[in-house]
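In this note's numbering, the protein residues as written are 1 to 82.
Take these hints with a grain of salt, some might be off.
Straight-line alpha carbon distances no greater than 20 Å define the calculated EDC-like cross-link-like pairs of lysine to aspartate or glutamate that follow [what the hints assert, rightly or not]: (1) 81 <-> 30; (2) 77 <-> 30; (3) 81 <-> 32; (4) 77 <-> 7.
These are computed hints drawn from the structure, not numbers from a lab.
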Amino acid sequence: MERIIIDILGWAGTILFLIAYGLVSSKKVEGDSWWYQGLNIVAGTLLIINTFYLRAYPSAGLNIAWVGIAVLTLGRKVWMKN
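Can you build the whole structure from these sequences, using the hints too?
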């Protein structure tokens with residue numbers, strides 16, 4: 001049962017990444033928008049959980065970096081607003 005939940009989290013993260021990429025590619029959202037970066041944070045977090053569980057550490061590292069970039073982008077956006 002645990003493995004099924006981990007797989008569902010991984011697939012959900014994959015789908016969210018694809019939705020985010022589709023939105024930015026179709027110019028529905030900007031690359032630094034809260035929607036795009038928020039989807040990247042959620043998707044990356046779900047995939048981090050999945051890849052750590054599966055011991056796929058290179059993929060986990062990529063997703064950690066992806067989430068970090070999204071957090072930094074939104075942090076910069078907040079900083080510049082203030």
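So, going through the hints one by one against the coordinates:
Of the supplied pair hints, the one linking residue 81 and residue 30 holds, its CA atoms being roughly 16 Å apart against a limit of 20 Å. Taking the CA atoms of residue 77 and residue 30, the gap is about 13 Å. The hint holds against a cut of 20 Å. Proposed proximity of residue 81 and residue 32 is supported: the alpha carbons are some 13 Å apart, at most 20 Å. Between residue 77 and residue 7, the direct Cα distance comes to roughly 33 Å. Violation of the 20 Å bound is thereby established for this hinted pair.
Checked against the numbered hints given earlier, this structure breaks only hint 4.
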